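> Sequence:
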Amino acid sequence: MDKELIINATETGVELALIENGKLAELHHQKTNNNFTVGDIFIGKIRKMMPGLNAAFVDIGHRKDAFLHYTDLGPKLRSLVKWSNGVINGSINTPKLDNFKYEEDIIKTGKVDQVLNKRFPILVQILKEPISTKGPRLSCELTLPGRYMVLSPFSDTISVSKKIANPEERKRLHALAESIRPKNFSLIIRTAAEGRKVQELHEELMQLLAKWEEIFKQLKSEAPPAKLLSELDKTGSVLRDLLTDNFSRIVVNDKDLYADIRGYLQNISPEQINIVQLHNNNKPIFDAFGVTRQVKAAFGKTATMSSGAYLVIEKTEAMHVIDVNSGHKIVSNDVEQTIFGVNLEAAEEICRQIRLRDIGGLIVIDFIDMKNLEHKKQLSKAMEDFMRKDRSQHTILPLSKFGLMQITRERARPEVMVNTAEMCPTCNGTGQVNATILLTDDIERDLEFIMQSRPKSPLQLRVHPYLEAYLKKGLPNRQMKWFLRYNRWIKVTPNADYHLTEYRFFDGNEDEIRMN
Numbered sequence: 001m002d003k004e005l006i007i008n009a010t011e012t013g014v015e016l017a018l019i020e021n022g023k024l025a026e027l028h029h030q031k032t033n034n035n036f037t038v039g040d041i042f043i044g045k046i047r048k049m050m051p052g053l054n055a056a057f058v059d060i061g062h063r064k065d066a067f068l069h070y071t072d073l074g075p076k077l078r079s080l081v082k083w084s085n086g087v088i089n090g091s092i093n094t095p096k097l098d099n100f101k102y103e104e105d106i107i108k109t110g111k112v113d114q115v116l117n118k119r120f121p122i123l124v125q126i127l128k129e130p131i132s133t134k135g136p137r138l139s140c141e142l143t144l145p146g147r148y149m150v151l152s153p154f155s156d157t158i159s160v161s162k163k164i165a166n167p168e169e170r171k172r173l174h175a176l177a178e179s180i181r182p183k184n185f186s187l188i189i190r191t192a193a194e195g196r197k198v199q200e201l202h203e204e205l206m207q208l209l210a211k212w213e214e215i216f217k218q219l220k221s222e223a224p225p226a227k228l229l230s231e232l233d234k235t236g237s238v239l240r241d242l243l244t245d246n247f248s249r250i251v252v253n254d255k256d257l258y259a260d261i262r263g264y265l266q267n268i269s270p271e272q273i274n275i276v277q278l279h280n281n282n283k284p285i286f287d288a289f290g291v292t293r294q295v296k297a298a299f300g301k302t303a304t305m306s307s308g309a310y311l312v313i314e315k316t317e318a319m320h321v322i323d324v325n326s327g328h329k330i331v332s333n334d335v336e337q338t339i340f341g342v343n344l345e346a347a348e349e350i351c352r353q354i355r356l357r358d359i360g361g362l363i364v365i366d367f368i369d370m371k372n373l374e375h376k377k378q379l380s381k382a383m384e385d386f387m388r389k390d391r392s393q394h395t396i397l398p399l400s401k402f403g404l405m406q407i408t409r410e411r412a413r414p415e416v417m418v419n420t421a422e423m424c425p426t427c428n429g430t431g432q433v434n435a436t437i438l439l440t441d442d443i444e445r446d447l448e449f450i451m452q453s454r455p456k457s458p459l460q461l462r463v464h465p466y467l468e469a470y471l472k473k474g475l476p477n478r479q480m481k482w483f484l485r486y487n488r489w490i491k492v493t494p495n496a497d498y499h500l501t502e503y504r505f506f507d508g509n510e511d512e513i514r515m516n
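Residue 446 in our numbering sits at position 446 of the sequence shown; the count goes up by one each step and never skips.
Worth flagging that the hints you see were computed from the coordinates, not collected in a lab. Please read these numbers as outputs of a predicted model, since none were measured by experiment. Where hints are given, some of them may not hold.
[Said to hold, decoys possible] The calculated lysine-lysine pairs, modelled on DSS-like cross-linking and capped at a C-alpha distance of 27 Å, are:
# : residue 1 : residue 2
1 : K101      : K111
2 : K3        : K283
3 : K23       : K217
4 : K118      : K217
[What the hints assert, rightly or not] Computed beta-carbon distance windows for the label pairs:
# : residue 1 : residue 2 : range
5 : N267      : K301      : 37 to 45 Å
6 : T302      : D369      : 15 to 23 Å
7 : N93       : A226      : 14 to 22 Å
8 : D156      : G195      : 23 to 31 Å
For each residue, glycine too, the CB sits at the ideal point set by N, CA and C.
Take these sequences, add in the hints, and give me the full structure.
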């Protein structure tokens, strides 16, 4: 699969478009003033315990207190609190955990007010960014992600990505991780580590441990609420998580960002540094690479597929609903097979739309009803295969007997919303136009003025075709009434380029008569 990353730097932030085989797959936007990003680590103050919700509200500096549920505390909460309090009061003077003694794990069914204390600050990481009126969602299970691995404190486990299927490679990576893993830290080996040497893994581990040391230093000096560590910016995190050998180019329109990306690639993948290109053309970068056109086509209420079938995507308060429509596709003698083909095509496009719009929560899909049970099984399997590209956690339920499929998907950031509608030139976005009777009053008022100021000049009125039909409708019509009133024939001609309520007068020389 060929991949491209198009990066548009603007005054308000950075927009990133991921293109897969020529089609827009993901769209990311990061504002320059976003201080609360997924992965940021804070030292916060517990504001309020909510036993009914089994959660606490934590002040991390956002205008809305952040939400911390018991299930996001993690089993090692007591060890985390012990370590952070020790660093703050000076009893722990090293970031290393070699000699640190764990505290007893908390139970899964415990109560938040039994394990948290409002008197002590709490070390937290943003799990979900602020969405709408809600503040950030937090976790106490700290993770430091890199390109090849994820480092977590207060644990001793090693796991290898399930996407690495080769048993020998999994065994090799597990052994490498065991040889370099620092005591009381866990490692998750990511898919990108496949085939990498121990030196590359060790170098990244040192970078992640340097981040842990930065948290230690900030914790000693900062008073809560305060940010201790920032996640990579959007560009860096997308490159870290998505960059593979399949990338053919990365194009950016800003010189500073171009230099930053080349520097970042020099560290994580120096063999790919030459795929970074600087866009110097005066044409906007998203226009030059067809991103704008794809965004306009993809983010409307309907999404059309190449076969002519289309999706209708609607958001309600409780869920997103996606309806599959065949359009004029079903003309075959084998209707069942054709419906199956349309549903398969729709499944692939639905998965693309879910990723592209970053739709979260409950998603209900109404496929075209199929009678063949084998086709239903194949559609469910295809949906699972298409959704493997999605990095967000999701659950897919099989098709119901009514042809409905339910998907739940976790969303860490606000849903991507793009307004594809343009302002109506006639009503200027109000949704209303002047009443026809008032429009003809305006025309006759101007006509009266022209007749007095230009009593003998030939006169032509140009209007929208609909308005022309209205003025010439019936006997006697408006045009005839003007002739009887002014004893002059006013020529009325249509112009399809005019707005519905637009009209202009012209003299015998085809010069416009402007009304001051």
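> Would you mind marking each hint as holding or not holding in the structure?
Hints versus structure:
Proximity of K101 to K111 is assessed by CA-CA distance (about 24 Å); at most 27 Å being required, the pair is judged to hold. Between the alpha carbons of K3 and K283 the distance comes to roughly 22 Å, so the proposed pair stays at or under 27 Å and holds. In summary, the hint linking K23 to K217 is not supported, as the alpha carbons are separated by about 45 Å, beyond the 27 Å threshold. With a C-alpha separation of about 23 Å, the suggested pairing of K118 with K217 holds against the 27 Å cut-off.
With their beta carbons about 43 Å apart, N267 and K301 fall inside the hinted range of 37 to 45 Å. A hinted range of 15 to 23 Å for the beta carbons of T302 and D369 is consistent with their spacing of about 20 Å. The hinted window of 14 to 22 Å between N93 and A226 holds, with their beta carbons roughly 20 Å apart. For D156 paired with G195, a C-beta distance near 26 Å keeps the hint of 23 to 31 Å intact.
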